[in-house]
Amino acid sequence: MSSMASMRSRPWIRHVVLILGAIVMVYPLVWMLASSIKPERLIFSDPGIWPSEIDGSNYSRGWNGVGIPFGNFFVNSFIISVGAVIGNLVACSLAAYAFGRLSFPGRKTLFALMLGTMMLPAHATLIPQYILFFNLGWVNTYLPMIAPKFLAVDAFFIFLMVQFIRGLPKELDEAAAIDGASSFEVYWHIILPLLRPALITTALFTFIWTYDDFLTPLIYLSDMTLYTVPQGLRLFLASTGQSSWGPLLAMSVLSLVPVFIIFLIFQNRLIEGISRTGGKG
Amino acid sequence: MMGVLLRQAADRPFASSALAMLAPKIGRRGRRGNVSAYLFLLPWIAGILVLTLGPMLASLYFSLTSFELFGSPHFVGLANYERMFFQDPRFLQALEVTVAYVLLSVPLKLAFALAIALLLNRQLRGLGVYRAIYYLPSLLGGSVAIAIMWRQIFSYDGLLNEILLKFGIDGPSWISSPDYALDTLVALAVWQFGSPMVIFLAGLKQIPKELYDASAVDGAGKIAQFFRITLPMLTPIVFFNFVMQMIGSFQAFTPAFIISGGTGGPADSTLFYTLYLYQVAFGDFQMGYGSALAWFLLGIIATATALAFISSRYWVFYEDSGA
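Heads up: the sequence lines are chains S and L, in that order. Read left to right, the first sequence gives residues 1 to 281 (the numbering used here). Read left to right, the second sequence gives residues 1 to 323 (the numbering used here).
No lab work stands behind these hints: they were computed from the structure. There's no promise every hint is true.
Unchecked claim - FRET-style restraints, in silico, Cβ to Cβ:
hint : chain 1 : residue 1 : chain 2 : residue 2 : range
1    : L       : A79       : S       : P169      : 58 to 68 angstroms
2    : L       : L165      : S       : D223      : 42 to 52 angstroms
3    : L       : I163      : S       : R269      : 53 to 63 angstroms
4    : L       : R228      : S       : V139      : 57 to 67 angstroms
Claimed, not checked - With a Cα cut of at most 20 angstroms, we get these calculated SDA-like pairs of lysine to any residue:
hint : chain 1 : residue 1 : chain 2 : residue 2
5    : S       : K170      : S       : F104
6    : L       : K166      : S       : L42
7    : L       : K222      : S       : L172
8    : S       : K108      : L       : K222
9    : L       : K166      : S       : D46
10   : L       : K222      : S       : E185
11   : S       : K170      : L       : S36
12   : L       : K166      : S       : I23
13   : L       : K166      : S       : R41
14   : S       : K108      : L       : P43
15   : S       : K108      : L       : V35
Every value quoted in this text rests on a predicted model; they were computed, and no experiment measured them. We treat Cβ as the ideally placed atom computed from N, Cα and C, and that holds for glycine.
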């Protein structure tokens, strides 16, 4: 009672607790950034975040640290992530329009099925999907990471878009239907433009989750020239071990840059997306 | 909110009012909608048949076979499941490690998420900045880069021991000690409490102010208000966060893989279930046994989720639960 009451009368206590907590939360990240520009011998002897000497060579050594330039891994990751984003935007919005606006027999059953797959662990389908893609000759291609998105396997985003479509006024598409617009025209000219905020949220989370995904490329890609950024880091870690922490941390920092930029620009949208649907991000 | 939806969906899968609410009736659109609706759903239907339901049935069959990737499956009955329980100590170890990880990390993560959300609730100056800072680790945390960072922090000559040394403490090598390795993974999970925190914050905002005003008139103190209003009103969110975090934690893979170098070591102390499944299916290409492991994991997660739903009747408070 007394502690709560004092916290209310003196809000600075709340701020002190929150600031201390925030420092603990962010310290590892700042330390990693600082270590990536320190000469290697200082990484271990100096836990501070203000480097006494600055040395950019970690980045140049890390960039070529595994024989293949890290730029290759970035290009590969971007190709896969952008492909996945396009797939999710197309397939999930089509399904969400049907669930959110059209009436058809079996809608409730299919919708419940869709919600059920949201909770299905990926590992339940991992092995048979691998066998399927293996037999299709898709191992060592990007198709296992991209093609499923065009079949709307990420039910989470369908749900997000259905929620959004439910909140859109129906008058516009009813009026268009009376004017003789087909359901595809309603989807294309009315729903999609209004759905933009949900599409952006979908694109951001799809990009981040695909970019960070480690398990799928680990299973499907064994040709090093096809490796994604997380695989490149893992290769670096495995091939150099403890011996070159500086370059390894430098490449780790670089790998976080795309997601961090998205965070800086779109944090409110990401947080709103999580609050609305209870996302896993 | 999603929590209500999840519960109702489980209670009455095909006739729930929440589902009816979610899919608004168009009615007068009539027959034309029927045909085209399936065209819009075509990719999703193909996906669920070819990539979800079909594979699940296939793997149920594979789990009853001995199946090397380059051979063909031959039926062995329940032999794979017998092997799991009677001939495979690593399976039991993986199960134990994973259950310990879930039981430790989920409650701790939710406790931090709720505590910070309560501190952040109401018109606090700098709310947006705090929220962003606390959220950031959960956005970055799933990456390999963060797992590498964590490995460095908790290694013998890592950041944590450097700091401990300033206080005269000579810390162990956390990641290579079977006693502590799993704890470092728990700490990594707890560090990422930002996303349940954001959901708690959204839930706190939904609690009507009038409830507090009314109870203040009745003379209830802050503590009483927390236990009589805030916590009961928040139980659907607690439940939702708990279920989602639990399902996610059972599937944790990347941090254990990176921190143990893919082995699950030291001494199998970080052998997550998914890591063992990966070793069996994609290290040894034993697709039959791997499928049995996958189905058993699915069974565990489904059972745990069902238990959570059953228990929720006793502790989750639904405002509109008159129905």
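For each hint, the structure was consulted:
no.: 1; hint: A79(L) / P169(S): 58 to 68 angstroms; result: holds, 59 angstroms
no.: 2; hint: L165(L) / D223(S): 42 to 52 angstroms; result: holds, 44 angstroms
no.: 3; hint: I163(L) / R269(S): 53 to 63 angstroms; result: violated, 36 angstroms
no.: 4; hint: R228(L) / V139(S): 57 to 67 angstroms; result: holds, 58 angstroms
no.: 5; hint: K170(S) / F104(S); result: holds, 17 angstroms
no.: 6; hint: K166(L) / L42(S); result: holds, 16 angstroms
no.: 7; hint: K222(L) / L172(S); result: violated, 48 angstroms
no.: 8; hint: K108(S) / K222(L); result: violated, 44 angstroms
no.: 9; hint: K166(L) / D46(S); result: holds, 11 angstroms
no.: 10; hint: K222(L) / E185(S); result: violated, 55 angstroms
no.: 11; hint: K170(S) / S36(L); result: holds, 18 angstroms
no.: 12; hint: K166(L) / I23(S); result: holds, 18 angstroms
no.: 13; hint: K166(L) / R41(S); result: holds, 18 angstroms
no.: 14; hint: K108(S) / P43(L); result: holds, 18 angstroms
no.: 15; hint: K108(S) / V35(L); result: holds, 16 angstroms
Hints 3, 7, 8, 10 from the earlier list are contradicted by this structure; the remaining hints agree with it.
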